[in-house]
Amino acid sequence: MWHNVALKRYPNSIFFLFEDDRLAPIRSQHQCAIDYYTKTMYSQSQYRNLYHISWWEMLIAYLTL
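Anchor point for the sequence shown: position 33 equals 32 in numbering that gives the first Met the number 0, and the numbering is continuous, going up by one each time.
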């Protein structure tokens, strides 16, 4: 998929990481999603709202384990 190429090119891009975060639970990869959410939260400091969204999404991923 195109987001895998973009993620390899821009490994710390908040938008590509967040997209991969959202796709991982759909693929039943909940632990992988938690890892992605953690990486998303700490890879940036400019988008504070996405930090909080990632935190809540990670909470939901923990509940599905």
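Honestly, the hints are just simulated from the structure, not real lab data.
Just to be clear, a hint being listed does not mean it is correct.
FRET-style restraints, in silico, Cβ to Cβ [unchecked claim]:
id	residue 1	residue 2	range
1	4	31	13 to 21 Å
2	41	7	15 to 23 Å
3	29	3	17 to 25 Å
4	58	8	27 to 35 Å
5	50	29	30 to 38 Å
6	61	8	24 to 32 Å
7	37	3	17 to 25 Å
8	64	8	16 to 24 Å
9	4	28	24 to 32 Å
10	62	8	29 to 37 Å
11	64	4	23 to 31 Å
From the three backbone atoms N, C-alpha and C, an ideal C-beta is built for every residue, glycine too.
How the hints compare with the structure:
no.: 1; hint: 4 with 31: 13 to 21 Å; verdict: holds (19 Å)
no.: 2; hint: 41 with 7: 15 to 23 Å; verdict: holds (19 Å)
no.: 3; hint: 29 with 3: 17 to 25 Å; verdict: holds (19 Å)
no.: 4; hint: 58 with 8: 27 to 35 Å; verdict: holds (30 Å)
no.: 5; hint: 50 with 29: 30 to 38 Å; verdict: violated (20 Å)
no.: 6; hint: 61 with 8: 24 to 32 Å; verdict: holds (30 Å)
no.: 7; hint: 37 with 3: 17 to 25 Å; verdict: holds (19 Å)
no.: 8; hint: 64 with 8: 16 to 24 Å; verdict: violated (31 Å)
no.: 9; hint: 4 with 28: 24 to 32 Å; verdict: violated (19 Å)
no.: 10; hint: 62 with 8: 29 to 37 Å; verdict: holds (33 Å)
no.: 11; hint: 64 with 4: 23 to 31 Å; verdict: holds (30 Å)
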